[in-house]
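Student: Chain by chain, the residues run as shown.
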Amino acid sequence: METYTMPDKTGRFGNYGGRFVPELLMPALLELEEVYEEAKNDPEFAEELDNYLKQYAGRETPLYFAEKFSRVLGGPKIFLKREDLNHTGAHKINNTIGQALLTLRMGKKKVVAETGAGQHGVATATVCARFGLDCIIFMGEEDIKRQELNVFRMELLGAEVRSVKGGSRTLKDATNEALRYWAGHVNDTHYILGSAVGPHPFPMIVRDFQSVIGRETRKQMLEQCGRLPDAVVACVGGGSNAIGMFYPFIEDESVKLYGVEAAGEGLASGRHASALARGKDGILHGTLSKLLQDEYGQVKEACSISAGLDYPGVGPEHSYLHDLKRVSYTSVTDVEALEAFQLLTKTEGILPALESSHAVAYAMKLAKTMKPEETLVICLSGRGDKDVEHVKKRLEE
Amino acid sequence: MGKVNLKKYLQSVLSVGKKLFIPYIMAGDGGLDALEERINFLSACGVSAIELGIPFSDPVADGPVIQRAGIRALKNGTTLEGVLERLKAFKESRTVPVIIMTYLNPVFQYGLERFARDAEEAGVSGIIIPDVPLEEEGLISGVLRKYGIAHIRLVALTSPEKRAKEIAVRSEGFLYAVSVMGTTGTREKHDAEVGGYLRKLKKISPVPVLAGFGVSNAEQARNLSSFCDGVIVGSKIVQLFNEGKREEIRRLIMDSVSVGMNV
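Protein chains in written order, with my numbering: chain A, -19 to 377; chain B, 26 to 288.
Take these hints with a grain of salt, some might be off.
[Unchecked claim] DSSO-like, lysine-lysine: derived pairs with alpha carbons at most 27 angstroms apart:
id, chain 1, residue 1, chain 2, residue 2
1, B, Lys187, A, Lys(-11)
2, B, Lys214, A, Lys(-11)
3, A, Lys90, B, Lys100
4, A, Lys20, A, Lys125
5, B, Lys187, A, Lys280
6, A, Lys89, A, Lys20
7, B, Lys100, A, Lys145
8, B, Lys225, B, Lys100
What the hints contain is simulated information worked out from the structure, not anything from laboratory work.
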């Protein structure tokens, strides 16, 4: 494959991406782009970021050979990239540390963010506590009810959690409200967007900060197996852990990449979150990408057992890689994810987040088609402790 | 009235010493059947043009009042297609120009060229798309030009001077000066800097400059109009229509455009 250089200067990944935002926000996006470019070329920034990732977030995370799980499935050697072992329990901290450092570099003292289940909200509140930034988190009223403990965690960390009562009262609406708030406070506030979505430069910045996942995995595979993996699987909501895992492998043609969306109650039911499988090109939250919408361009509500995948859009780079056929996108249902959750827990003693369970579920299918001498890496993006109560309810039903 | 040259039309209103007043209403709020009657009512109140909002599920530039109006309109089954058909049906009887305000996605799904063509046939004179900044307007400016629909650009308090100038020079019909930091909806008062901002825009803009966002009473309207060519009032009008307070709408418009009271 040729050198991969996306996005272009205008923030496009082919036809996807861009900056479809009100003029009020454009100067802030241009400033962010400029500050990020400077930071990227500043060795001191890289050193500072690496230091926080190591000493504060606990990197590098292990690439764990799940021998027992592999044996049970009877296929390839399966490795788990343990992003669940990061501080705050998921990959989200990789991005929030980076963006908090950018916030300081821009001289801003306040931060706003959206959150669905609360993972990104907690990761944002955490770095804001560490770096002394004021923090407001928008969260849908529905999600607040479902994730009471995460709300309390954020408040303990000093963040103000604002309930969003509009629309479906979930992640999509929390993002709308965060964007509205940002428009009103853009002069002193940075928006720490949590996924590889939104207007340029966010999809690029989030990808770059999350790429530490793929870079480490690449190095660890070479150390442990002496070669690159044959297949890499990651779950895709907005797609930040997936793009972070895939990006360093894009030019390695031998490595097959699989992105797993949430099929909810099944693609045929219409109650799912599979923007790449069932969406059409559309514009939401500042970016042009695949989007679940009706024929009139009204955005549909997504549906998934996993709050982190419950988003009607997807990062623009995933739409591009989908069209390019460099990544194979697929989806698994709530039921399949629950089965995977239980199997990995029982065989390895590792509770995956329900989001990550989607990747595990697809890996279980994929393993059947692979040979024992092959290797498969699953991005275990987060830990499942947050989901235990929810899983209990579902299993009792 | 079908499509007009918006800039010339507004300049002719200004040339008789009046200030411009453009109310915003949400298409389909109160049912699509209410559209013609509401436009006629506003026209009779003496407005300069009408900004007609197309409901969208995720209106990030709008505050609570217009968000709720959009939800009501969508519940009524309002679609862009339906609105354009309705506008076409009574275009001859209209007495003021109609401008459509829509987020990009409904237009994108409708088809950009098909939209421009149908809007022209429906007698739409201009379009405002709040989520299309300069950087992205290439997507749609071509087809709008082809069908002669004025592409009204928005400028913001955060736009640096050079950028504001580029926006003003490109804007067609008029320049929409967003006069608050944030979304649409009532504000007690505008920041002191807004006067200077509007005055500066007035100097660099080859088209009329209208202030919008946060304007909710006649005093604000007159005050802001004294720095530019007039105002756009959205949330307040939407709210008064929803509450059935038509007399208040009439008074708001009359008091806003009345000459001499703002000195």
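Student: When the structure is checked against the list of hints, which entries are broken? Sort them ascending.
Tutor: Hints 2, 3, 4, 5 and 8 not satisfied by this model.
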